[in-house]
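Listed below are the residues making up each chain.
Number of protein chains: 2
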Amino acid sequence: MVSAPTLEDVAKRAGVSTATVSRCLNSPDKVVAKTREKVMKTVRELGYAPNFSARALAARRTQTIGAVIPTMENAIFAQGLQAFQERLGEDGFMLLVASSSYDRDIEEAQIRALVARGADGILLIGHDRDPAVYQFLRTQNVPVLIAWAYSPERLSIGFDNRAAMEALASHAIELGHSRIGVITAPTEGNDRARGRIEGIRAAVSAAGMNPEDLAIEETEYSVLNGADAFDRLMVVARPSLVICGNDVLAAGALRRAGERGLSVPGEVSITGFDDIELARLVTPKLTTVRVPHRQMGEAAAEMLIGMTRGETPQEGRCLPTWTRFGGTLAAPMVPRRKGR
Amino acid sequence: MVSAPTLEDVAKRAGVSTATVSRCLNSPDKVVAKTREKVMKTVRELGYAPNFSARALAARRTQTIGAVIPTMENAIFAQGLQAFQERLGEDGFMLLVASSSYDRDIEEAQIRALVARGADGILLIGHDRDPAVYQFLRTQNVPVLIAWAYSPERLSIGFDNRAAMEALASHAIELGHSRIGVITAPTEGNDRARGRIEGIRAAVSAAGMNPEDLAIEETEYSVLNGADAFDRLMVVARPSLVICGNDVLAAGALRRAGERGLSVPGEVSITGFDDIELARLVTPKLTTVRVPHRQMGEAAAEMLIGMTRGETPQEGRCLPTWTRFGGTLAAPMVPRRKGR
DNA sequence: AATCCAAATGTAAGCGCTTACACAGCAAAG
DNA sequence: CTTTGCTGTGTAAGCGCTTACATTTGGATT
Chain A
1 MVSAPTLEDV
11 AKRAGVSTAT
21 VSRCLNSPDK
31 VVAKTREKVM
41 KTVRELGYAP
51 NFSARALAAR
61 RTQTIGAVIP
71 TMENAIFAQG
81 LQAFQERLGE
91 DGFMLLVASS
101 SYDRDIEEAQ
111 IRALVARGAD
121 GILLIGHDRD
131 PAVYQFLRTQ
141 NVPVLIAWAY
151 SPERLSIGFD
161 NRAAMEALAS
171 HAIELGHSRI
181 GVITAPTEGN
191 DRARGRIEGI
201 RAAVSAAGMN
211 PEDLAIEETE
221 YSVLNGADAF
231 DRLMVVARPS
241 LVICGNDVLA
251 AGALRRAGER
261 GLSVPGEVSI
271 TGFDDIELAR
281 LVTPKLTTVR
291 VPHRQMGEAA
301 AEMLIGMTRG
311 ETPQEGRCLP
321 TWTRFGGTLA
331 APMVPRRKGR
Chain H
1 MVSAPTLEDV
11 AKRAGVSTAT
21 VSRCLNSPDK
31 VVAKTREKVM
41 KTVRELGYAP
51 NFSARALAAR
61 RTQTIGAVIP
71 TMENAIFAQG
81 LQAFQERLGE
91 DGFMLLVASS
101 SYDRDIEEAQ
111 IRALVARGAD
121 GILLIGHDRD
131 PAVYQFLRTQ
141 NVPVLIAWAY
151 SPERLSIGFD
161 NRAAMEALAS
171 HAIELGHSRI
181 GVITAPTEGN
191 DRARGRIEGI
201 RAAVSAAGMN
211 PEDLAIEETE
221 YSVLNGADAF
231 DRLMVVARPS
241 LVICGNDVLA
251 AGALRRAGER
261 GLSVPGEVSI
271 TGFDDIELAR
281 LVTPKLTTVR
291 VPHRQMGEAA
301 AEMLIGMTRG
311 ETPQEGRCLP
321 TWTRFGGTLA
331 APMVPRRKGR
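Top line first, the protein sequences correspond to chains A and H. Per the numbering used here, the first sequence starts with residue 1, numbered consecutively. Per the numbering used here, the second sequence starts with residue 1, numbered consecutively.
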């Protein structure tokens, strides 16, 4: 195999210096049109493609953005990440993905690996992590953007989990629910999950009820876990409304309710969060919170690209969310009457 | 910001040459224990982390594997890709992901981009693509592995889409179905989708029926498209069985059947393929084909890692699949007096 | 025509690492 | 006490590119 042509090969053949060829490729406006055309022609003839490792070493830029997400298997991340990646591609960046499996130590290791590889920027999910990690990132001087959760305290793009959930919960309470159960993803190290619970608490308090009366079940992300948590909730609290921290847990709860012969929303209302495709496929459709994942992914890519160019870290962005009404939420049955 | 320590810094501080430090890091057995310990201690003290770009340039190895998948949004790829990535990480490789949106030209561009970046190996989905691409990859001498579809003709790991679908279809035919409709993903450039259809045809022929009688609707991957295709199918063919090329299309068909007041599996049976989480969440659960995604992802990673080490491209692997019975498939109703 | 000054191009010094090759040190063999 | 043959280390030449700085070029100005 003949090894790939190098910059020098192009330079020799075109009768210019390597610097000129490099300039043609990187800042064409610094080269006069005639020369540029001659060079580009040679580039084409030779089928020259720059060696990114060499370019990265010399320019101290890898044209690579890293992202550490909990897992690609979670549909919540897939859509946003896809949009993120597409947008990066438009500007010639590639995406290096790593996953943490929701484990802080693994996440930290992955972040370090990404930095070692010279990622020009890093996308992280949520704010909750060891301050030392932020410190490390700062001393390494690598741009970081937090996504999937907005917070005014740190450059981030996402939505207000707390407010979104509060809106949903308030609405449900107005319908008359007072015995409320909650199924949430593990809250430790997950500010998004915590924010959602805070939103519920706020809504409950605002309605003059006691947040301490909420029955809360914490369990890991999976349909089966959602179903089992639903069972436990029905035993300990018999809520008329089960608010779930995400659609997958809600789908599990909904399924288990059906298996137990409980009509939804007749005997028990169930709500989700995220509005993934699944939400519209279960019967009845889930009442959930719609989140602009694609928009977030794209905006995140744009911000990060800007940051790699040294643009001043602009303000973060808090994207709007909406409650999306399916058929799993209704007013609670009135005990003595034949509610409908 | 103090710039990161280099190999030379470590060498000076430890009183050895850069070559020795490099050897400590890359092939510790070539360095005597005493020296090695001294060096590693210094590495720790300085918090030294190698610069991957420089390493890649000098060693002509990036420790990076690239993958081009149609889209991360499709749950079918998410799980396998996650497993792939995890396994790569165990061996110090990172994953560069690109997506093609099911477009051949985009895919080709992404493959070239991955090669330009010096990916040590590349994972591709399915076999269907311009021979020139394979030619290019061969001349570039970069290891390639095809996944999600096994074929004896090219190094690949996956399953036998044709056989799996044939098994499912045969079973359905044995139940008594003879008016069969098919909803498939676009077959052009997608050997997996074509293989599945071939499987159905084979089963139909084997039962003494005419494959030409199959009503086939081709549509892009989405719930809504599945639903609409279902409508068209019911108008043109009124099948008693609708075989769908994947679970998402099946979920759409199932939902539309419900909306049209058609009982499943009473009036019409529906089957899927892939057995994604969704399959167990719709009501009734989907009868579908179970595929070992995680296992495939892991095995793919192992094969590719071996190939980057120059190991001879072993044989590919065809993983087993199983039909998974849900409640959407049953014997057809015995025709009543009147239809409509 | 002589002078000046941008703009265009060339020169060459790295970027941080790997690795072929040279060399030193030392035990066993002669 | 040499020689031989290892093994462990050091030397230094790249890997292919970018870019600061030097040099040339060619108009515009005088």
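These are computed hints drawn from the structure, not numbers from a lab. Treat the hints with care, since some could be wrong.
No copy labels: a pair is met if it fits in one copy or bridges any two.
Unchecked claim - Listed below are the simulated SDA-like cross-link pairs for lysine to any residue, each with C-alpha atoms no more than 20 Å apart in a straight line:
hint, residue 1, residue 2
1, Lys-285, Pro-5
2, Lys-285, Leu-57
3, Lys-30, Asp-231
4, Lys-38, Tyr-48
5, Lys-285, Gly-258
6, Lys-30, Leu-281
7, Lys-12, Val-236
8, Lys-41, Trp-322
9, Lys-12, Tyr-221
Each hint, compared with the structure:
For a Cα distance limit of 20 Å, the shortest separation of Lys-285 from Pro-5 qualifies neither inside one copy, at 58 Å, nor across copies, at 56 Å. In this assembly of identical chains, the alpha carbons of Lys-285 and Leu-57 never lie at most 20 Å apart, being 53 Å within a copy and 54 Å across copies at closest. Proximity of Lys-30 to Asp-231 under the C-alpha cut-off of 20 Å is found in neither arrangement, the shortest distances being 69 Å within a copy and 59 Å between copies. Taking the closest pair of Cα atoms, Lys-38 and Tyr-48 come within 20 Å of each other only inside a single copy of the chain (14 Å); across copies the shortest separation is 44 Å, beyond that limit.
Proximity of Lys-285 and Gly-258 under a CA criterion of 20 Å is satisfied in both settings, with 13 Å inside one chain copy and 13 Å between copies. Proximity of Lys-30 to Leu-281 under the C-alpha cut-off of 20 Å is found in neither arrangement, the shortest distances being 56 Å within a copy and 59 Å between copies. Taking identical chains as interchangeable, the C-alpha atoms of Lys-12 and Val-236 are never at most 20 Å apart, the minima being 80 Å within one chain and 66 Å between chains. In the homo-oligomer, the alpha carbons of Lys-41 and Trp-322 never lie at most 20 Å apart, since the shortest distance is 53 Å inside one protomer and 55 Å across protomers.
For the identical chains of this complex, Lys-12 and Tyr-221 are neighbours neither inside a copy (59 Å) nor across copies (50 Å), given an alpha-carbon limit of 20 Å.
Violation of the numbered hints given earlier is confined to hints 1, 2, 3, 6, 7, 8 and 9; the remaining hints are satisfied by the structure.
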